[in-house]
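Undergrad: For reference, the chains in residue letters:
2 protein chains.
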Amino acid sequence: MKIDRLAVLGVGLIGGSLAQAFRRADLCKTIVGYGRNEASLKKAIELGVIDEFSLLARDAVRDADLIVLATPLATNAVLFREIAKTIKADAIVTDVGSAKACVVDAARSGLGEHFRHFVPGHPIAGKEQSGVGAASAGLFEDHIVILTPLAETSIHAVSLVTKLWEACGAEVMTLTVEHHDAVLAATSHLPHMLAYALVDCLAKMQEREEIFQFAAGGFIDFTRIASSNPQMWHDICFSNRESLLTVLEQFDAHIQEIRQAIESRDSEKILQIFSRAKQARDKLIAGRQTT
Amino acid sequence: MKIDRLAVLGVGLIGGSLAQAFRRADLCKTIVGYGRNEASLKKAIELGVIDEFSLLARDAVRDADLIVLATPLATNAVLFREIAKTIKADAIVTDVGSAKACVVDAARSGLGEHFRHFVPGHPIAGKEQSGVGAASAGLFEDHIVILTPLAETSIHAVSLVTKLWEACGAEVMTLTVEHHDAVLAATSHLPHMLAYALVDCLAKMQEREEIFQFAAGGFIDFTRIASSNPQMWHDICFSNRESLLTVLEQFDAHIQEIRQAIESRDSEKILQIFSRAKQARDKLIAGRQTT
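Residue numbers (this note's numbering), protein chains in the order written: chain L, 1 to 291; chain C, 1001 to 1291.
Keep in mind that the hints were calculated from the coordinates and are not lab data. There could be a bad hint or two in this list.
What the hints assert, rightly or not - Covered stretches of chain L, as calculated for chain C (at least 3 residues, CB under 8 angstroms):
{"id": "1", "segment": "25 to 39"}
{"id": "2", "segment": "182 to 196"}
{"id": "3", "segment": "240 to 247"}
Just so it is clear, CB atoms sit at the ideal spot from N, CA and C, and this is done for glycine as well.
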């Protein structure tokens, strides 16, 4: 299962952590990085995350057996087209993007005949810091990685990518592209949008200094994800636009229902909603603690 | 400054923690508890949180020098009327309620001539667990306690309550009732409502089991406050109804703006909003770390 040459496109938090996890599990001989920021790539070499780098994606992927795209979602279309020119015929390509339909579309049109060797992937792991300095080999341990292979995706490619992630300590699950995008819009993309919206809304208020001064632990936790990389979440918003707008509409309808219940002093309804929510979240936490 | 007899009405997370903090700081001789659940009060005695208890508030407050209401907000009006009949003429009364206008109204009409000895208070501390079993003497250390005294409130009473909280390790600040309720609606009550709303919204979706299965750390933190006591937050919602509806309207307008920006692919606007939010939150966290 050992990879001779791994190319990591985008050596940031996720790409860097993947390189470190692969290295720790002894899954590859040489790791070549690609990025646009030379200083950051030099830092990645100093940290031992990668062995060499190129500022040209087409050079970085040459002779690579496995290519992982860990670049911002918005750059994928251009990258797939570029690497298709130089990758080996049997090279396996995968990615770590938080939205899958847009990546699959970009890969299908950009990779051409290589598309059947592309395994769309998404590790459900991260933190609000970004950059290779925040990377760590254990980031994916006990975390889920979702793969969304298509009908034409090579079974061999899916199997290899699955084994590699498992060797990094992750649990691999398979979903359809559409299902992935709907589920992640609900559990990840919408909460990020709400956290950003709340902090920005409060920051605009007249009493902003005071408002944040009185913020308790609940607010700090609730808004942690609003410290995430704005460019990355901007890309995710637009990459998963349809699913996000759908779940936002459902959430909005629910908020209006709650608002009306508070306005009309419908005590029973508010207690029901809050109680159901607590029950669902307590169950979710209990489920995690037993696994 | 030592209190001979402290009466804690409601020996739950906050009331119990206050009793323990007062005891640890040697601020009182005897602590009497009041509640409706005898088993819970017996547990509080076993845990050394209180010395004695009564199931009648009017008996618990008799001869007390300081009376702290830590009961659900919805019960305050009845309690103020009841204790007014038996409290000592110079007894000082304070509370820990998360909304202040409603408590002040209840105290004004219920306490009568004792109202000038009532110091409305709100420790900005808590956790999602409830009950005396979750109480701890250190809960208020390095936390803010907001007092909202009225024009007629005795300066002596405000001064004593301030010193007691400070002796528990808290920092005491003073706000007007209106200001308190507006600020807390924004930083605490709205986030709780949103967290409950999101979890309940997702729990209603068809794919609910799967949805929660793929929830990442961001979702877990974002929704931590949805594991809070539903009855308590129901009471807070209605007790601070006007302020909550006002800030919800502001937040809703902001969400609609973001929704339109995503719909119309206004990339620049989304990036601006997310960047401003990250900046504001990072500043808030940096400010906390330096203090």
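Undergrad: Give a verdict on every hint.
TA: For each hint, the structure was consulted:
1. Check on the segment 25 to 39 of chain L: 0 of its residues sit with their Cβ under 8 angstroms from a Cβ of chain C, so the three-residue criterion for coverage is violated.
2. Here the segment 182 to 196 of chain L counts 13 residues with a CB under 8 angstroms from a CB of chain C, which clears the bar of 3, and the coverage holds.
3. For the segment 240 to 247 of chain L, the proposed coverage by chain C is satisfied: 3 residues have a C-beta within less than 8 angstroms of a C-beta in that chain, meeting the threshold of three.
This entry does not satisfy hint 1, going by the numbered hints stated previously; all others are met.
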